[in-house]
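Student: Here is how the chains run, residue by residue.
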Amino acid sequence: MLTVKDLSVYYGVIQATKEINFEVNEGEIVSLIGANGAGKSTVLKAISGLHRPKSGEILFKDRPIHKDTTRKIVQLGISQVPEGRHVFKGMTVIENLEMGAFLRKDKNEIQKDLKMVFDRFPILEERKKQDTATLSGGEQQMVAMGRALMSRPKLLLLDEPSMGLAPIFIKEIFNIIKMINTQGTTVLLIEQNAKVALEIANRGYVLETGKVVQTGTGKELLASDEVQKAYLGG
Amino acid sequence: MSLLEVKQLTKNFGGLSAVSMVNMELGDNELVGLIGPNGAGKTTLFNLLTGVYEPTEGVIDLEVDGEKTSLIKQKTYNITAMGLGRTFQNIRLFKDLTVLENVLIGMHEKNKVGTIASIFRTPQYYAAEESMRKEALELLKLFNLETKVEELAKNLPYGEQRRLEIVRALATKPKILFLDEPAAGMNPQETANLTSLIRQVHKDFKLTILLIEHDMSLVMDVCERIYVLEYGRMIAHGSPEEIKNNEAVIKAYLGGE
Amino acid sequence: MKQFNKKNLGWLIFIAAIYILIQLGTSLGIINAFYEITLMTILINVILATGLNLIIGFSGQFSLGHAGFMAIGAYCTGIVSIKYPTVLGLIGGILLGIIIASLVALLVGIPTLRLKGDYLAIATLGVAEIIRIVILNMNDLTNGAAGLSGIPFIANWQITFAFIVISLIVIMNYIKSSPGRATISIREDEIAAESMGINTTKYKIIAFVLGAASAAIAGGLHASYFSVIRPSDFTFMKSVDILIIVVFGGLGSMTGSVVAAIVLGILNIYLQPFGQLRMIIYSVALVAIMVFKPSGLLGTKEFTISGLLDRKNKKSSVKEGEAE
Amino acid sequence: MEAFLQQLINGLSLGSIYALIALGYTMVYGIIKLINFAHGDIYMVGAFVGYTAINSLHLSFFPALILSMVFCAVLGVAIERIAYKPLRNATRVAALITAIGMSYLLQNGMIYLVGSETRAFPQVIKNKIYEFMGLQVSQTQILIFATTIILMLALQLIVQKTKMGKAMRAVSTDADAARLMGINVDNVISFTFALGSSLAGAAGVLVGLYYNSIEPMMGYAPGLKAFIAAVLGGIGIIPGAMFGGFTIGIIETLVSGYGGSLIKDAVVYLILIVILIFKPSGLLGKNVKEKV
Amino acid sequence: STTGSGSDTDKIKIGSMFEKTGEVSAYGTAEANAVNLAVKEINENGGILDKEIDLIEYDTKSDNTEAASVATKLATQDEVAVIVGPATTGAVKASTPAVTRAGVSLVTPSGTDDSLTLDENGNVQPNIFRTSFQDSFQGIALAEFATNELDAEKAVIIGDSSSDYALGLTKAFKGAFEGEIVAEENFTADDTDFNAILTRIKDLDFEFIYLPGYYNQAGLIIKQAREMGITQPILGADGFGNQALLELAGVDNVDNVYYSAHYSPNSDDSQVTDFIAAYKEEYDVEPDMFAALAYDTVYLVAQAIEESGEASTDSITKALEDIAEFDGVTGTFSFDEDHNPVKSTLVIELQDGVEVGNTEVTP
Ligand SMILES: Nc1ncnc2c1ncn2[C@@H]1O[C@H](COP(=O)(O)OP(=O)(O)OP(=O)(O)O)[C@@H](O)[C@H]1O
Ligand SMILES: Nc1ncnc2c1ncn2[C@@H]1O[C@H](COP(=O)(O)OP(=O)(O)OP(=O)(O)O)[C@@H](O)[C@H]1O
Ligand SMILES: [Mg+2]
Ligand SMILES: [Mg+2]
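Protein chains in written order, with the working numbering: chain Z, 1 to 234; chain B, 235 to 491; chain H, 492 to 815; chain S, 816 to 1107; chain P, 1108 to 1470.
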């Protein structure tokens, strides 16, 4: 479904990713893990068109998208939950969710999806008229997820959805990711919490200073010594 | 008396009570944890203690030179001068300054170099600069940052930025150090390194540390006591073992296995 | 210590060299009366811009009222030196200007410097306008809208040069010191600065007062050199002109302000023959420069003698943090 | 009492002019945090376009108004694309300097094109004066006042309720996140400039008609006052711009009306500073302490 | 420096410095235009002393520092024989030290402040001349006119507190007027809304409004006053002298308006009609008082050069001092010992926007 070929991204003179290759198949959950600054978020920004790669290709359903605008990419069915939530503060929960459906015109379907999001995150329904700026971190994370789902993505990109969350929320978030996946959305997941990430992933890639250094199924990686040492603390 | 005493502390934002009726005590050279769900009011509590927010009501008393001193309505910089140092949940370094400058700024108030002396470059000025520099370099060495003194803070990797924030807080010579989610965004390996660092600081500097953290491996590992907040209220307090098995905490925060 | 002295010596030689160059230029007639006016304008702008840079570029407080403090200096100097048309009268006038400007800065700084960003900008703009209107209405002392004329010409370029050197040394020494770093930390992150125990209000006010005092010096020199001042010389547009120099040179770079004052002064000479077209060319240039170099000529970097003399030692010289 | 009421009317009518210009100011500020210094000069251009449309193209008032709004919208977008867009990631002061540069350019460009003398705006609508209970109010005053209120409400409606308005708010809080929603950020910003600038154009024509006087430097003073009004009301807040404008207009008029014409501006600034000291984020601004 | 345009002997260099951009560019531009027109005419008619005039022009940006700078440039670098301009008192004063040091004379068409041609001790500035009235002259003339011709005893003054021109006129008027000044109101040059002060004076008992100021505000004040129902006579100075006054105020509103002028634009004197026609032809707008004064200034300077027989700075200064009976658009005059023109003023009366009469006043 998604193929990344020889992707190199720069910030000025800093090369953040070095000829990265990986792919995501339809229906999978794929995890990217790696230390701080390894280039994980950069990969997602390149896929979404927020930051243009210098060289390499990104194919979505065999169609090159690395020259498309973010708008086009969203239209094609890729949606991202960015690192640090980035909800629209000053707007209510419901307005935030509606922003997720910005490109859609099917009013009735949007209402249905809104209900679907509220079913998944009941707390958001209680808070629907509240300014997202005053929500707690966990609630903001749910808004960010719900907002991404409102575009009915085929591929969902998640950047550290568990960061700064209480343990109880982390469990909930991962349950929801699994659920979304079983209902047909392909997921590309970035996580510091490598253990959980690899547990729910079909496959995973390990990034180190801008390069893919290891790949395998989630279970293989969990069992790997290098991964154990570098990312699982033992 | 204990070092820091908090009684009936409350903070309302409009209709929302972010912290309500919280009691807490910190003694000398303790390492205490503060946990609770997102939005429970942990950071707000830090902000109240350090004078960033003014409490709606309540008492905060700090022991200064053997005397009980109220911190209510005190300015942040006075509170810092009295011995409370902190780091921030979202790193707040002086990004465009060098690592060394960040630390020197932390030392400024404790090494009073007058404006006039600085402008006229008196001998005192040179002496003070020398000694500050020396001290700062020593601190940085302790945290393995000595090779980065001339780097701009914003160019450091994330983990080193977190460490620099701790160094900078230590430069103010605090008696109590507040750490707000120091391990956020770190992977388990990095968290493990941080854990030992915190232990070392606690030991070498003989200070009290209050730690907010969602990473239970870190909290349960290093803390002697743990406070638990939920919806602004203190719902539990005890040793790591007690907290781990506290029903209310499991329900609100830890989640069942 | 040895390092410091070497560097100070470097600057001393640099300053002396510039002085001798100007002296030579005037003696040989290369710097004629017209170039001298340009030179004076540049020198006065250097003082204005470095002072404002201290406030905006270093303490991070957005002030739009620099012209007000300049006006105070100009009027004090004008009034005093008309009475006592001597060098002492000039210096007395400038000192009086410094004192009044500093007091006013202190008085308005304490309540207003709590304001942030554009709110502070508006408040300082308002203060400058109030100063101007007060001057406009103090007819007996200031001669109202017509302003003062016939102010004795005392501030020649040598005196101005001396003032510039003094004010630059004061400002540079300040920013390259512990209180200076405390001031810069406010620009970087006010909340973090407070958490470092820094009394942010105090350092904001110090920067504001120092800036105001230097503006008063510039105003005094301006009055004495040009011999005519009117309230309408010190409007908001004057503050904007100074702001342009500061941003053009680079916020947070003192040497940048100096370079920008020189570049813009020289640009003005070249644009003069264009008449009405000049302002059009100037505004297009302004936009173009900002578009291509948004951080200004020098960004936040400083031009240093040591950096110029031996580039290899640059790192260690920065480390010393001495008056660069 | 009658004199006071009359002065209040005078103040409201002056204030509605500041408010009208301040609306566009605040709108642009609200979305990209830029003090669009050239706004006052776009207002000036609007007045000249209206003048030309009526005098040379012989249009009647409303077509001239529309033409001026369209022209200014295009001008605003052009300025944004050329001068502001490259500076989106630069410091705000740098962008401010560019805006000042644009302001100079418009002023001096206009002086170059049409000369700097003051012209009389064609009086296409006869100004009637209504009297009731000893109070006077003119038709144009009512027109401007009503326009200000209606535009304020309309803008508020656009920003709060329409899809474009929501996109504008989204862009203003987080441009990258807005992109991820499929919002074309550049277009939204251009739209904002078009809207803000067309308001300035409308203001130019209305005020030209009201005072009957236009010249290339006419944007400077009201532009500055409008900026101050926008800040006083709480910059970025649409109703705030209106209240800020009214406040300044009324203070100015009352001070003059009670014998303080010499120190009118000084009093305005003094009151402004006092208000800000007690309400550091403007009249309608929420005083949110930064969450740390 | 006695030989101003020494090097280039077949041309005479004249400097022109005006406020062509900035605050007061409306007046400066009109003057600069008129100067150009006059120079063009002179050159077409064979120049001065058979030499062509080389006009060197600068803009002062309405900024005094810039004025000092360009005056210096003209006097020392361009080495002009004489300078015309600038338009405002402040700019002239800022230029004075430079031109005096260089010994180049400067004739301002419209700098009106009394002290302009004098130094601090009351001695005449050797190199500064003006063609316009000085403020005290007009202020006194208008006070006399009010008393003698309008029979009015109660005045309201509405003045521009930000302009030295208005302040000078007010001061002179107050000194000379024997009646009562009922109220004194102020505005600044940036204002366009005068309802507040007009409402304030509306119900006072007064017989006329004394309005020293330029046409751009005066026009608006007349309009707003008349619309408000204030019908008393309005008395102004030469700053009213621009067609725009009528347009800004609305022709119907310009009723009972009097102003002192150098000449009547409706005069059938051929010099006046020729000038108006030529200016309109060249610039497509009616010339105003400022333009007329600047135009005369060039011819005045030309006459001085002609009379001195050479284009050296000193002889021009001398010739200016000695000029006898210069006859221009704005009247016939010579200079007194303080370098002020000796001429009388016309007070023009406008009713329904039409000039219905004028009275010559010589205080
Ligand atoms: N806007 C930027 N400008 C300059 N450098 C950047 C920028 N964003 C990221 N980088 C650099 O690019 C590299 C990769 O960053 P990236 O954010 O992709 O890492 P990451 O793997 O997501 O790390 P983390 O776990 O901290 O989120 C880092 O060295 C980082 O410093
Ligand atoms: N300045 C403020 N204005 C309004 N509400 C605030 C403010 N600061 C905090 N809050 C609210 O107070 C509550 C507590 O916030 P706080 O940041 O203290 O939570 P926390 O326990 O630190 O959570 P987390 O673990 O997610 O950081 C939240 O609901 C938050 O939205
Ligand atoms: Mg990342
Ligand atoms: Mg927190």
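To be clear, the hints were calculated from the coordinates, so they are not data collected in a lab. Small disclaimer: the values here were computed from a predicted structure and weren't measured. A portion of the hints provided could be inaccurate.
[As the list claims (entries may be wrong)] The calculated label-pair distances, taken between Cβ atoms and stated as ranges, are:
id : chain 1 : residue 1 : chain 2 : residue 2 : range
1  : P       : Q1458     : S       : T977      : 54 to 64 Å
2  : S       : L820      : H       : P764      : 53 to 63 Å
3  : P       : G1210     : S       : I944      : 29 to 39 Å
Even for Gly, the Cβ is constructed at its ideal location relative to N, Cα and C.
Student: Each of the hints needs a verdict: does it hold here or not?
Tutor: Hint-by-hint comparison with the structure:
1. Separation of P:Q1458 from S:T977 is about 56 Å and conforms to the stated range, judged on CB atoms against 54 to 64 Å.
2. Separated by about 57 Å at the C-beta atoms, S:L820 and H:P764 satisfy the suggested range of 53 to 63 Å.
3. Here the CB-CB span from P:G1210 to S:I944 is close to 59 Å, at odds with the stated 29 to 39 Å.
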